[in-house]
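> As a plain string of letters, each chain reads:
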Amino acid sequence: MKPTFVGRSVRRLEDLPLVTGKGAFAADVAFPQQLHMRVVRSAYAHAKLLSIDIAGARAAPGVHAVWTAADVKKIPPIDFRLTRVPGLEPYRQQVLASDRVRYVGEPIAVVFAGDAYLAEDAAELVSVEAEELPIRLRAEEEPGEFAPGHSSEAAVIRKGYGDVEAAFRDAHAIVTLDLKVGRHSGVPMETRGAIARYDAARDVLELYGAAKVPHWNRDQIARMLGRAPASVQLYEGHVGGGFGVRGELYPEDVLVCAAALEFRRPVKWIEDRREHLIAANHSRQQQHRIRAAVDAQGNILAIDDEFFHDQGAYLRTHAVTVPDLAAAMLPGPYRVPAYRAVGRVRLTNKTPGGTYRAPGRFESTFARERLMDAIAAETGLDAIAVRRRNLIAKVEMPYRRVLGTLGTEVVLDSGDYAGLLDKTLAKIGWTALQAALRQRRAAGERVGAGLAMFVEKSGLGPSDTVRISVDPTGAVEVVTGVASVGQGVETAIAQICADALGVDYARVRVVHGQTDRIEQGSGAFASRVTVMTGEATRIAATALREKAIRAAAELLQAAASSLDISDGEIFRADGKAGPSIELGEVARVLAASRSHSDASPALAAEGTFRTDHMTYPYGVHIAVVRVDGDTGGVKVERYFVAYDIGKAVNPMLIEGQLAGGAVQGLGGALFEEFVYDERGEPLAVTFADYLIPTAHEVPPIEVMITEDAPSPLNFLGLKGAGEGGANAVGAAIAAAIDDAHAAAIAEDLAASGLSGCLIILLVIARESGRPSNPQRIAIVT
Amino acid sequence: MPNATFHSVATSVAGWSRRMFLTASATSLAVPLFARTSRAEAMDPQTARAKDPRDPANLALTVNGRKHQLALDARTTLLDALRERLGLTGAKKGCDHGQCGACTVLIDGRRVLSCLTLALVAEGRAVTTIEGLAKPDGTLHPMQQAFIDQDAFQCGYCTPGQILSAVSCVEEGHAANDAEIREYMSGNLCRCAAYPNIVAAIKQTKHSMREG
Numbered sequence: 001m002k003p004t005f006v007g008r009s010v011r012r013l014e015d016l017p018l019v020t021g022k023g024a025f026a027a028d029v030a031f032p033q034q035l036h037m038r039v040v041r042s043a044y045a046h047a048k049l050l051s052i053d054i055a056g057a058r059a060a061p062g063v064h065a066v067w068t069a070a071d072v073k074k075i076p077p078i079d080f081r082l083t084r085v086p087g088l089e090p091y092r093q094q095v096l097a098s099d100r101v102r103y104v105g106e107p108i109a110v111v112f113a114g115d116a117y118l119a120e121d122a123a124e125l126v127s128v129e130a131e132e133l134p135i136r137l138r139a140e141e142e143p144g145e146f147a148p149g150h151s152s153e154a155a156v157i158r159k160g161y162g163d164v165e166a167a168f169r170d171a172h173a174i175v176t177l178d179l180k181v182g183r184h185s186g187v188p189m190e191t192r193g194a195i196a197r198y199d200a201a202r203d204v205l206e207l208y209g210a211a212k213v214p215h216w217n218r219d220q221i222a223r224m225l226g227r228a229p230a231s232v233q234l235y236e237g238h239v240g241g242g243f244g245v246r247g248e249l250y251p252e253d254v255l256v257c258a259a260a261l262e263f264r265r266p267v268k269w270i271e272d273r274r275e276h277l278i279a280a281n282h283s284r285q286q287q288h289r290i291r292a293a294v295d296a297q298g299n300i301l302a303i304d305d306e307f308f309h310d311q312g313a314y315l316r317t318h319a320v321t322v323p324d325l326a327a328a329m330l331p332g333p334y335r336v337p338a339y340r341a342v343g344r345v346r347l348t349n350k351t352p353g354g355t356y357r358a359p360g361r362f363e364s365t366f367a368r369e370r371l372m373d374a375i376a377a378e379t380g381l382d383a384i385a386v387r388r389r390n391l392i393a394k395v396e397m398p399y400r401r402v403l404g405t406l407g408t409e410v411v412l413d414s415g416d417y418a419g420l421l422d423k424t425l426a427k428i429g430w431t432a433l434q435a436a437l438r439q440r441r442a443a444g445e446r447v448g449a450g451l452a453m454f455v456e457k458s459g460l461g462p463s464d465t466v467r468i469s470v471d472p473t474g475a476v477e478v479v480t481g482v483a484s485v486g487q488g489v490e491t492a493i494a495q496i497c498a499d500a501l502g503v504d505y506a507r508v509r510v511v512h513g514q515t516d517r518i519e520q521g522s523g524a525f526a527s528r529v530t531v532m533t534g535e536a537t538r539i540a541a542t543a544l545r546e547k548a549i550r551a552a553a554e555l556l557q558a559a560a561s562s563l564d565i566s567d568g569e570i571f572r573a574d575g576k577a578g579p580s581i582e583l584g585e586v587a588r589v590l591a592a593s594r595s596h597s598d599a600s601p602a603l604a605a606e607g608t609f610r611t612d613h614m615t616y617p618y619g620v621h622i623a624v625v626r627v628d629g630d631t632g633g634v635k636v637e638r639y640f641v642a643y644d645i646g647k648a649v650n651p652m653l654i655e656g657q658l659a660g661g662a663v664q665g666l667g668g669a670l671f672e673e674f675v676y677d678e679r680g681e682p683l684a685v686t687f688a689d690y691l692i693p694t695a696h697e698v699p700p701i702e703v704m705i706t707e708d709a710p711s712p713l714n715f716l717g718l719k720g721a722g723e724g725g726a727n728a729v730g731a732a733i734a735a736a737i738d739d740a741h742a743a744a745i746a747e748d749l750a751a752s753g754l755s756g757c758l759i760i761l762l763v764i765a766r767e768s769g770r771p772s773n774p775q776r777i778a779i780v781t
Numbered sequence: 001m002p003n004a005t006f007h008s009v010a011t012s013v014a015g016w017s018r019r020m021f022l023t024a025s026a027t028s029l030a031v032p033l034f035a036r037t038s039r040a041e042a043m044d045p046q047t048a049r050a051k052d053p054r055d056p057a058n059l060a061l062t063v064n065g066r067k068h069q070l071a072l073d074a075r076t077t078l079l080d081a082l083r084e085r086l087g088l089t090g091a092k093k094g095c096d097h098g099q100c101g102a103c104t105v106l107i108d109g110r111r112v113l114s115c116l117t118l119a120l121v122a123e124g125r126a127v128t129t130i131e132g133l134a135k136p137d138g139t140l141h142p143m144q145q146a147f148i149d150q151d152a153f154q155c156g157y158c159t160p161g162q163i164l165s166a167v168s169c170v171e172e173g174h175a176a177n178d179a180e181i182r183e184y185m186s187g188n189l190c191r192c193a194a195y196p197n198i199v200a201a202i203k204q205t206k207h208s209m210r211e212g
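The listed protein sequences derive, respectively, from chains C and Y.
For what it's worth, our numbering labels the leading residue of the first sequence as 1, then goes sequentially.
For what it's worth, our numbering labels the leading residue of the second sequence as 1, then goes sequentially.
In short, the hints are calculated from the structure, not lab data.
Everything hinted at is true.
Think about it this way: if two alpha-carbon atoms lie no more than 27 Å apart in a straight line, the pair counts; the simulated DSS-like pairs of lysine-lysine are: (1) K22(C) / K135(Y); (2) K203(Y) / K635(C); (3) K22(C) / K206(Y).
Bear in mind the structure is a predicted one, so any value in this text is a computation, not a measurement.
Start from the sequences and build out the full structure, keeping to the hints where you can.
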């Protein structure tokens, strides 16, 4: 039996350097003669810059130079990577603010010094004279002016189909909610960092500390600095967490590159934690005014959603990706005969926004699943029954949504949503759980369970290319254009290569994030790597296998069809005795061969996978919570994630992704929020204010992975795992808190005669130690 | 609109700056620290001058069993001394405020936040970093092995701090059960949220550390 690696929880190839302190993260990179850059940031949320006095900083010990916008005026603003719509250009961010600052933390000047602390000391001497301007902190308020002639409503996303008005006219009932999602973000443990070095001997500008999308960033840096792309190379080392935030092109990346070119010395910038919390992309903050038209049986007739997306001060590389995804993915796993989404992308005086794990879906799943619970309440049906009734059936797959996003049409490729719901309820013992909770509630405890369903997306194209080679020692190298943000890319790709080629996965070295190793690469985002690079790897490894067998057939004087490869050895698999040959030996012979017919003498092959459509994994989350009657504190007792992955390459890695994502979701739902005061001063600027979950708060995350709906869009049936853990946490936690309060609310309702939904808000507001909680979790009619 | 002149936000709202704190504490710490040194050293004019924190102070640091002689700005944290002067970059700077635990190292077997510890404080004591945890022949410490076995990390950035903190957690006797481990490991943040697997790794190691 040939060993297989796909489907097994083999140990990660990445681990050894990381447990021994040998990892090479951005701050670990150092070059002789390097300068350190420190950014002088705006202290005002909105102000007109009158003058910047750099004389004091320039004269400070160790300072090499101080730059303001005047020194970088040739550098254009940072452009959009995704979801560009016409008219957005005026909202892009300059690398240094020239006439106005629009958020606390916006770069105004940079100081370069021979020592990081001297740079920091000197930066404090930069004096800025500014005139404060009125600020805007709420996206739901009427838009104003961003800049002369440009509204603070940068774009309106409109998506939909069907006759929404008619559906609402004929509806048995209309359910309306006003929902808010707080402002949070990825906040990786490693802050951002960038180290640029100009190699005059080769005329190459090098940037270290790259992540996520090195090739796109390379092309942009080249364009912005007026260089040929081939003369700019990006190198990814270890990356201390990405989550959507890290690796996008930011002002600081461009500034270190420009400075390295100008000063002909390496320039290093390492972000501190406060900077990270006010300068790296924020995400999530939206307000949804959503309504559903339903019939008497609880069938959805139409959904109509208007939402306000709080983009912060500028449109960064993602342009309108997050609100676009929110609008396109909102219908989730349900049949929605008519649909209309209007997403208002509004600029505010806060840190600019971008993507964060399950961007647009955490938000729209929250809105949709809260709506499903409200429909259940309105129709008097069970929340599960309402969902089940509206789920798209397995036989309807593939299901065309008639909506598009990220340049693709949303076609749900495969899924058995009801099947997963059944499995989930059976696995957690839903009926018994409900009975136990009822009993505890009767005894006075405020406990409840909440369930939320969702559809994810993964495997964004358009293409990925992989090159695989075998050297004379038999070592296999897979060169990809993707990136690793710490999610186990090397292991998963090695497993796929190992099976297709016939080698041990531990012999496979996976190269990623190096722009000088492969011409093109789409990077690591949108849960795309395992699907896109995985399939390209399989294609390349299959081609390589054929090439090796062809060569070996000649050497062994055997028919190619009689040969197989296992553990790096090519042998006769037809039962007949005969010699065998190692892959490394074939590589050696090919390299020395003068007469072989193949054009390339290397034992190497390339594979490209192209696709027009994304794959759509899906899942169910269940939260069980206990709410403290005195403090309103929420304790998560159980958290359950069920997820259909199509085909699991490494279940251990998937479990890690799902559990980790769920914990980040819990952080967003219960602990984390970028709070601003009325002057636009950010109040969450340390880990004492921005509370990411610790071991203490995190319950065991129960994970169930199923493979019931392999994707028909790639050979192995792969779908991505990166974001399904986070997607539905806000929704499930809010539902569980509602459930926990159900008994208390019924009493209050009888006493007061107020609407149930308002009561929920009041009860939670009264009981919550955190005043921002009700906005995030309550249903407000 | 009023005109406002302001300095950069490196000086934060309350006028508080970490640099100012370090300067102040280094200066005040200098007295008791140097009181510990021998009479001859205390009389050394160079040492006496070290009360100005910018003047290099000589100190001997023993890290992973190796003694290093350094001349450092007295305000230098142990973390910076390890990373910038000794090239031991395993300890990470995740927040520089003692709030994330990524910089955790051991001093005389006790876990400390090296970003809040002045290098001077570690003089004459045994510092252990992640680089010194495995045996010289490369055999991993049982806790390092357990982190691999239990998939107790993803990106690996917080991992050196987690592992050293975990070793200490066991040696302190704070690993009796899951709840206790969670509480005594709550100073080490992991954004990949491998917490349940970190707990599992500590449970796995608890026994082998005792046996070993």
